[in-house]
Structure formats: C-alpha cells, structure tokens
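Generate the whole structure from the sequences, applying the supplied hints.
Residue numbers (my numbering), protein chains in the order written: chain Z, 1 to 232; chain L, 233 to 464; chain D, 465 to 682; chain S, 683 to 900.
Mixed in with the good hints, there may be bad ones.
[As the list claims (entries may be wrong)] Partial list, derived from the structure: chain Z residues whose beta carbon lies under 10 Å from chain S:
# : residue
1 : 7
2 : 164
3 : 196
These aren't lab readings, by the way, just hints derived from the structure by calculation. Quick reminder that beta carbons are idealized off the backbone N, C-alpha and C, glycines included.
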Amino acid sequence: MKKVVLDADEAVKDIPDNAVLMLGGFGLCGIPENCIAALVRKGVSDLTCISNNAGVDDFGIGLMLKQKQVKKMISSYVGENAEFERQLLSGELEVELIPQGTLATRCMAAGYGMPAIFTPAGVGTEVAVGKEVRNFNGKEYLLEYAFEADFAIVKAWKGDTDGNLIYMETARNFNPLMAMGGRVTIAEVEELVSAGELDPNNIHTPGIYVHRIFQGKDYEKRIEQKTIRKRN
Amino acid sequence: MKKVVLDADEAVKDIPDNAVLMLGGFGLCGIPENCIAALVRKGVSDLTCISNNAGVDDFGIGLMLKQKQVKKMISSYVGENAEFERQLLSGELEVELIPQGTLATRCMAAGYGMPAIFTPAGVGTEVAVGKEVRNFNGKEYLLEYAFEADFAIVKAWKGDTDGNLIYMETARNFNPLMAMGGRVTIAEVEELVSAGELDPNNIHTPGIYVHRIFQGKDYEKRIEQKTIRKRN
Amino acid sequence: MALTKEQIAKRIARELRDGYYVNLGIGIPTLVANYIPEGINVVLQSENGLLGMGPFPFEGEEDPDLINAGKQTITTVPGSAFFDSALSFGMIRAGKVDLTVLGAMEVSENGDIANWKIPDKMVKGMGGAMDLVASAKNIIVAMMHSNPKGESKLLPECTLPLTGVRCVKKIVSDLAVLDVTDKGFKLLERAPGVSVEEIRSKTAGKLIIEGEIPEMNV
Amino acid sequence: MALTKEQIAKRIARELRDGYYVNLGIGIPTLVANYIPEGINVVLQSENGLLGMGPFPFEGEEDPDLINAGKQTITTVPGSAFFDSALSFGMIRAGKVDLTVLGAMEVSENGDIANWKIPDKMVKGMGGAMDLVASAKNIIVAMMHSNPKGESKLLPECTLPLTGVRCVKKIVSDLAVLDVTDKGFKLLERAPGVSVEEIRSKTAGKLIIEGEIPEMNV
Numbered sequence: 001m002k003k004v005v006l007d008a009d010e011a012v013k014d015i016p017d018n019a020v021l022m023l024g025g026f027g028l029c030g031i032p033e034n035c036i037a038a039l040v041r042k043g044v045s046d047l048t049c050i051s052n053n054a055g056v057d058d059f060g061i062g063l064m065l066k067q068k069q070v071k072k073m074i075s076s077y078v079g080e081n082a083e084f085e086r087q088l089l090s091g092e093l094e095v096e097l098i099p100q101g102t103l104a105t106r107c108m109a110a111g112y113g114m115p116a117i118f119t120p121a122g123v124g125t126e127v128a129v130g131k132e133v134r135n136f137n138g139k140e141y142l143l144e145y146a147f148e149a150d151f152a153i154v155k156a157w158k159g160d161t162d163g164n165l166i167y168m169e170t171a172r173n174f175n176p177l178m179a180m181g182g183r184v185t186i187a188e189v190e191e192l193v194s195a196g197e198l199d200p201n202n203i204h205t206p207g208i209y210v211h212r213i214f215q216g217k218d219y220e221k222r223i224e225q226k227t228i229r230k231r232n
Numbered sequence: 233m234k235k236v237v238l239d240a241d242e243a244v245k246d247i248p249d250n251a252v253l254m255l256g257g258f259g260l261c262g263i264p265e266n267c268i269a270a271l272v273r274k275g276v277s278d279l280t281c282i283s284n285n286a287g288v289d290d291f292g293i294g295l296m297l298k299q300k301q302v303k304k305m306i307s308s309y310v311g312e313n314a315e316f317e318r319q320l321l322s323g324e325l326e327v328e329l330i331p332q333g334t335l336a337t338r339c340m341a342a343g344y345g346m347p348a349i350f351t352p353a354g355v356g357t358e359v360a361v362g363k364e365v366r367n368f369n370g371k372e373y374l375l376e377y378a379f380e381a382d383f384a385i386v387k388a389w390k391g392d393t394d395g396n397l398i399y400m401e402t403a404r405n406f407n408p409l410m411a412m413g414g415r416v417t418i419a420e421v422e423e424l425v426s427a428g429e430l431d432p433n434n435i436h437t438p439g440i441y442v443h444r445i446f447q448g449k450d451y452e453k454r455i456e457q458k459t460i461r462k463r464n
Numbered sequence: 465m466a467l468t469k470e471q472i473a474k475r476i477a478r479e480l481r482d483g484y485y486v487n488l489g490i491g492i493p494t495l496v497a498n499y500i501p502e503g504i505n506v507v508l509q510s511e512n513g514l515l516g517m518g519p520f521p522f523e524g525e526e527d528p529d530l531i532n533a534g535k536q537t538i539t540t541v542p543g544s545a546f547f548d549s550a551l552s553f554g555m556i557r558a559g560k561v562d563l564t565v566l567g568a569m570e571v572s573e574n575g576d577i578a579n580w581k582i583p584d585k586m587v588k589g590m591g592g593a594m595d596l597v598a599s600a601k602n603i604i605v606a607m608m609h610s611n612p613k614g615e616s617k618l619l620p621e622c623t624l625p626l627t628g629v630r631c632v633k634k635i636v637s638d639l640a641v642l643d644v645t646d647k648g649f650k651l652l653e654r655a656p657g658v659s660v661e662e663i664r665s666k667t668a669g670k671l672i673i674e675g676e677i678p679e680m681n682v
Numbered sequence: 683m684a685l686t687k688e689q690i691a692k693r694i695a696r697e698l699r700d701g702y703y704v705n706l707g708i709g710i711p712t713l714v715a716n717y718i719p720e721g722i723n724v725v726l727q728s729e730n731g732l733l734g735m736g737p738f739p740f741e742g743e744e745d746p747d748l749i750n751a752g753k754q755t756i757t758t759v760p761g762s763a764f765f766d767s768a769l770s771f772g773m774i775r776a777g778k779v780d781l782t783v784l785g786a787m788e789v790s791e792n793g794d795i796a797n798w799k800i801p802d803k804m805v806k807g808m809g810g811a812m813d814l815v816a817s818a819k820n821i822i823v824a825m826m827h828s829n830p831k832g833e834s835k836l837l838p839e840c841t842l843p844l845t846g847v848r849c850v851k852k853i854v855s856d857l858a859v860l861d862v863t864d865k866g867f868k869l870l871e872r873a874p875g876v877s878v879e880e881i882r883s884k885t886a887g888k889l890i891i892e893g894e895i896p897e898m899n900v
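Right, here's the structure in full:
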C-alpha cells in the first residue's frame with residue numbers, strides 16, 4: 001500500500017482532458033494550491049470542476065480559468081472573478097449553480113454509498129425545475145443525486161502515510177466530503193507524518209478514502225477578505 | 233444557555249412513560265450507564281428503545297428489561313440476554329430488527345435533516361417487505377425513513393459545558409448519530425470541562441445537538457468478551 | 465425617521481433569546497452580532513463549518529484557515545466547534561439553528577423570498593441561501609422597505625427568481641416590523657416618527673393593520 | 683482430507699492483495715487475520731467504527747472502549763482511525779472496502795446468501811450482515827460444504843430467509859474453492875485428497891467442472 005507520492009506533479013500526472021474533478025475549499029480557504037498549480041503546469045483541458053467557488057482572477061481555480069482549462073464549473077457561488085464572468089458571458093464556460101448545502105450533501109452521499117438524497121433546498125425555485133419533488137411529513141423535498149468525481153483533490157493540514165487526514169479550522173469545509181467522493185482521491189497536506197503519529201481518535205478523513213498523498217510546499221494561503229477590529 | 237445538569241436523575245426526570253428513546257453504544261461499549269441506572273430507579277415504563285443491542289441480563293438495557301420497562305426494542309442484534317428472549321417469546325416485548333448500517337444511517341439522517349435515505353441493505357430479503365424499492369444505476373435500494381427520538385441518551389468520553397462531545401475509540405459507534413437524532417439529547421460524560429477547554433478542531437458532536445450534559449460517575453465499563461493473546 | 469442599517473440590526477437583536485443558535489447572513493444581518501443584549505448568550509453559526517463565531521481578529525492576528533461564510537477573517541469564542549459543510553447544513557436542515565437572519569431583494573405577502581438573482585445581470589450563485597431559507601425554523605429578513613427607485617420590496621408576489629417559498633416569518637425594515645401571516649404582512653411596529661400611512665403607501669403586498677401600532681423602541 | 687477451519691482461513695488469506703481494506707466476519711473469517719502472507723499489507727475494518735484493527739491485547743491490557751464487531755477486546759495498529767457507525771457502513775456501501783469475508787448457513791448457485799435466521803429458533807438479528815452483503819464489491823464465503831446432518835449448503839436456492847441476493851463471488855469450503863458465476867458454482871480447486879466426485883455429490887446446486895481441477899495449495 002504505497003500512497004505517498006513525491007509531489008503535486010506526480011499526484012495529478014494521469015488526470016486526463018475531460019476529467020471530472022472535485023476541488024476542496026471554501027473561497028480561498030483550504031484549497032489544494034499545489035495541485036492547482038500542477039494542473040496549470042500540466043495544461044490539461046476541458047475539465048469539469050465541482051468546487052464551491054471558482055477562485056479569484058489570480059488565485060485558486062481562477063488560475064485554471066485563465067488558461068481556459070475548465071469546460072464546466074459546478075458551484076454554489078462564483079463571484080469575485082472577472083475572467084470567469086467574461087468566459088461565462090461569451091459562452092466559453094458552462095456553469096451549473098447548486099445550493100451550497102445540496103452540493104456538500106451530494107458529495108457526502110457518494111462517500112456514504114447513498115445514490116441520492118432528499119433536501120428542501122430549492123423547492124419552488126428554478127433549482128427544482130425537472131426534479132422529483134416528494135412530500136415527507138407535510139414538507140416538500142427535492143431528490144438530488146450523489147456526486148462522484150474521477151478525481152477528488154483536497155487539502156488537509158496534517159496527513160499520514162496511510163492517507164488519514166486532519167483539517168485545520170474552517171479549512172475543513174468541503175474537503176472531507178470531496179475526499180469521500182472521488183474514485184481517485186488526492187490529498188495534499190501541510191505536514192505529512194508516518195502512520196501512527198496522528199491520534200486515531202481525531203482523524204477527519206480515514207485513509208480508506210485517500211489514494212495519493214504528498215506534503216505540499218510554499219503555501220500562500222491567501223486571505224480573500226481581511227477584516228479586522230481595532231484595538232482600543 | 234444552561235445545559236449542565238446535576239446528575240443522571242435530573243437529566244432523565246421528565247422522560248415519560250411511552251417515550252421513544254435512543255440509547256448509544258455497541259454491545260456494552262459506550263453505553264450511558266448512569267442514565268440507564270437512573271431510568272431503572274425512576275421506573276418509567278412502556279419505553280420504545282432504539283439501540284443497536286439490548287445489553288446483557290444484568291447490565292445495560294438488560295437492567296431495564298428485567299424491570300419490564302421496555303415495550304419495544306428497535307435493534308440490529310439482540311443476543312446474549314435470557315430475560316429478553318423470555319419476554320420476546322411470551323409476547324411481552326415487541327422487537328423490530330434492522331440492519332446495523334441502516335439503523336446507523338437512519339439516526340444520522342434525522343440529524344442531517346434528511347427525511348429518508350436509500351440503502352441496498354436488505355433488498356430481496358424479508359427486511360424489504362412493504363418497502364419502496366428503487367433502482368439507481370442498475371442497483372436496487374430500499375427507501376428507509378429517518379429516525380427521531382423523544383430523547384436521545386448518549387455517553388461520551390469528554391464534554392464541555394456548551395455540550396460539545398468527544399468519544400473514545402470504538403465507544404463512539406452509535407453515540408454521535410443518536411446525539412443528532414434526539415428532540416432532546418442527554419449526554420453523560422466521563423469528564424466534564426468548561427467551554428473552551430476542548431480543541432474545537434476535534435469535536436465529534438457539536439454542542440448544538442446536545443441539550444443536557446453531566447459528568448457521570450462510577451463507570452463500570454464492563455467488557456462483554458474479554459479476548460487476549462498470550463505473551464510469548 | 466427611517467431606521468439606519470445599524471438600527472435595523474439593533475431591533476433584530478432584540479428578537480434573540482438566551483441559548484439561541486443563530487445564523488447571520490451577509491450585510492445588515494452581520495451587524496446584529498454587535499447589538500446582542502446584555503445577559504443574552506447566543507452562539508453564532510457560520511455555514512462554512514463553525515459554531516461559536518467570535519469578532520473580527522485584531523490586526524496581525526488574521527488566520528487564513530479561519531473565515532466566515534462571507535469569507536471574512538474571524539475568531540472563535542470558547543466552546544466553538546469546527547465541522548464540514550455537510551454537517552453544517554445538516555444541522556440547519558434538522559432545525560437545530562433557532563434563528564436565521566438574512567437580507568432580501570423582495571418578500572411576498574405569503575413569505576416567499578427572492579435574494580439571489582436578477583435577470584440579465586451576472587448571476588453569482590445562491591451560495592447557502594436556498595438551504596437556509598428552506599430549512600430554518602425561524603427566518604427574519606432585514607431589508608429596506610423600498611428599493612433605490614422607490615418601489616416597494618414587500619410585494620403581493622415576488623417578481624425576481626425565488627430563493628425559497630413561504631418561509632419568511634418576520635421582516636424588520638427601515639420603516640417597520642412586520643410578521644408574515646397567512647393573511648399577509650401584519651404590521652407590528654413603526655420606526656420612530658414614521659406614520660402608518662407611510663408604511664401603507666410603501667407596502668405593495670397586503671398589509672394588515674389592527675389597533676394602535678406602537679413605535680419601535682430602538 | 684477436508685480442510686480444517688484454520689486451513690480454510692489460510693486458503694482465503696491467499697486471496698488478499700497488498701493494500702486491501704478487508705472486513706472479516708465472526709468465526710472462520712476472523713482466523714484469516716492469522717495467515718496474512720508475508721509482504722502483503724492489509725487494513726482490517728471493523729464495522730463498529732475502526733480501520734486498522736490489530737491483534738487481541740495481552741492479558742491486563744484490555745481496553746473496554748476498544749472492541750471489534752464481535753464485541754471482543756482488540757488493539758489497533760499504527761495508522762488506525764476511529765469513526766462512527768454510519769461512516770463505517772458508508773465506506774462499505776461506497777465500495778471502499780475491497781474484500782468482505784463472512785460465514786454462511788446456505789449459498790445458492792446465483793450467489794444468494796442466508797446466514798442470519800433459522801425459522802422457529804430465537805432470532806438474534808442480522809447485525810451488519812445485510813449491509814455488508816448488499817454493499818461489498820467482493821464477498822468470499824467461508825463455510826463447511828455440508829451441514830452437520832450431511833446436507834449440502836451449496837444449493838439451487840436457499841431455503842432459509844435470505845441475508846442478501848446475488849452477492850457472493852467466491853466460496854472457500856472445507857472441500858473446495860468455487861467461484862459463483864452466472865451459470866452456477868464453478869469448481870476451481872479441491873481440498874488435498876478430495877475427489878471431484880465427492881465435491882459433486884455434496885454440492886446440491888449446479889456445479890460447473892471444466893478441465894482438470896487442481897488440488898489446493900494449503
């Protein structure tokens with residue numbers, strides 16, 4: 001069982017054009033920076049990216065958009081990105097917008113072997129168009145299908161050589177859900193340790209869901225909206 | 233927000249006859265010993281107990297069975313209990329057997345606000361009788377409904393005054409799932425600490441799911457099957 | 465005088481009860497955290513995966529791994545917990561969050577809300593708004609009574625694409641506090657110095673006025 | 683000579699591949715862990731909520747919080763992880779567990795399995811068996827070829843209440859190794875000294891015999 005790979009380039013080397021990817025992170029928080037850079041270097045194209053957001057013009061998935069590597073985005077919110085807007089309006093890029101909780105739960109569903117879930121989000125709105133509506137206990141729910149990806153790419157704080165992962169604070173977000181939803185799951189971590197060094201009681205993603213892991217480098221961890229309060 | 237109660241007796245004092253309870257634990261591992269003892273003392277009756285197992289004759293839910301406090305058990309496995317067998321055969325006790333993963337997921341579903349889930353467990357067996365079967369991608373699944381309980385009673389290793397819980401090893405089992413499935417959730421913990429003393433990154437059950445918490449005492453933590461290997 | 469945004473937030477803060485778990489949306493709702501009454505403890509939920517959100521950090525103490533649903537740097541309070549986005553929306557769907565406060569472009573007299581999309585404008589997405597409005601057991605909308613063109617945002621029916629249906633329970637606008645009832649908007653309070661007549665004229669949806677309408681205490 | 687239980691376990695262990703995640707049921711399957719071939723690393727899953735199950739503890743080192751799905755005291759190996767029972771069955775349903783080994787009372791020629799209930803006997807429940815057989819991508823059954831009365835347990839159709847349908851992929855009995863194919867039980871190997879004729883006579887379901895059937899290497 002050799003899950004450890006050298007670096008991001010090795011981790012993503014067999015991702016083909018037209019692949020469906022899940023990319024963890026919320027905004028620029030907890031995104032797989034090293035793998036995104038490697039995908040940009042590799043120049044793979046026509047990707048479908050399932051990711052809550054689409055980065056900003058010069059960071060995150062925005063870097064892949066700039067290179068026109070993305071055919072379709074499946075996201076809940078895609079603001080803050082001028083190039084994205086240009087491609088969308090020109091028809092170069094397809095976008096499917098999905099409520100955030102639905103997106104999260106559809107990723108989770110795949111990892112739990114549940115083919116579909118019911119959620120009230122979007123009932124009575126354009127999100128419900130063409131979808132099965134079902135009433136349980138007087139409340140209406142949409143049937144939404146599980147998401148699976150060819151490759152899920154996630155970023156964790158710490159990981160071990162067996163693929164167990166621990167995330168930091170709100171950088172957890174979609175990462176453990178997408179880690180479960182990949183046919184092949186790639187994890188980049190800030191610190192890679194030997195199996196046995198992480199507390200088995202505090203693992204967020206059990207290694208069974210992770211196929212490749214490496215210690216990333218040069219994390220920028222850019223802050224999208226720095227908000228502070230004054231010391232008095 | 234005062235969640236801390238004095239002891240098990242105070243925690244269970246308003247549980248009425250005919251209540252539907254969830255009780256955490258797998259076998260005798262991670263069971264809410266203090267609350268079970270308090271329920272026995274209180275003498276409440278005609279309970280429906282959702283619990284993976286039914287304890288043994290003189291420990292766990294077996295203590296409530298001996299007092300004839302249980303009307304119905306909803307479990308996946310109910311062996312190792314002679315009094316249980318007697319009551320079942322005499323018709324005093326009703327039993328509903330549910331596949332273990334289905335039971336776990338139905339509890340989880342309530343905590344995730346999902347009214348029903350799909351699982352392949354039991355397709356083509358007597359468990360499927362009367363249930364909706366649905367085909368997704370060529371595989372058949374049963375529609376199973378979420379479980380909610382009037383009271384969920386769980387046991388954790390550590391907890392804080394805001395209700396955040398951490399479980400120890402395999403004593404986690406059904407506890408976090410049932411903690412999410414109770415309209416009122418009672419947690420007994422081996423060690424109760426002040427809010428802020430637990431690492432927020434390692435919480436297994438966020439306090440929002442927990443309504444009452446207390447530090448239990450005199451934990452026996454009985455071992456059901458002591459298995460050892462020889463030192464050579 | 466119409467309320468300021470801060471005053472709307474302050475009025476909404478008076479709806480908080482001790483022990484509430486609360487989700488505050490972006491904009492005016494975020495300001496509610498600044499006016500939590502003395503003696504009331506609430507826990508703020510951020511739907512990206514946090515219970516126990518604290519104030520913004522001091523300069524130099526920003527943590528890139530610690531942001532709120534508006535992507536702002538934040539802090540935590542003692543007793544906080546992190547979790548993934550599925551559990552976060554799970555607890556919302558399960559009704560564990562006591563109160564959700566969010567903004568709206570339009571609200572209809574039956575409680576429909578539109579706040580995510582304007583036709584012919586770039587659509588950024590609904591984020592977590594559809595999940596929140598479909599799931600929260602108690603939703604208060606913080607909004608201006610009229611749009612910049614002077615048109616009422618409290619309508620018989622929403623004209624914009626909906627975010628959710630029959631879900632808004634209460635509105636606190638710059639002019640009034642209103643309950644959304646089976647029969648329409650029920651006027652509960654007026655902003656200081658604002659007349660019932662002004663509110664009536666700026667409410668396009670059905671307005672129910674019963675008895676004396678007191679002025680808000682802000 | 684028919685295989686002993688230990689030999690059945692040893693033969694099944696030869697089906698393990700490096701890196702496999704494996705769930706071993708109670709009884710003979712548990713013994714498989716004792717025969718994992720040199721150079722093969724597998725991770726044992728226990729469906730109550732553990733990946734990385736180790737051997738039984740030494741006397742005095744039992745931990746009541748650390749048990750397996752058979753409720754036995756166990757240990758962990760480096761790289762283990764604990765989780766709740768829903769995630770545990772989630773990873774099973776999602777096909778992340780590579781191999782499940784379990785016992786059976788009956789298997790039918792189309793792969794149905796019965797192993798949880800005997801009519802008119804006290805029913806203890808299916809535990810996790812129905813979830814496992816419905817979800818595992820690769821199921822090997824460890825069983826005696828015949829019951830104590832001498833009746834075949836490899837049948838045209840199961841007579842006992844089913845645990846799962848069309849799910850068993852392979853059987854290792856005390857007499858033979860067989861694949862379960864679309865057309866019936868396909869004989870792959872015989873126990874040392876056991877004739878094809880004996881296997882044929884003790885297999886009530888359809889048996890496919892093609893070419894020479896080698897003896898097992900145990």
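Ascending list of hint numbers which this structure does not respect: 1
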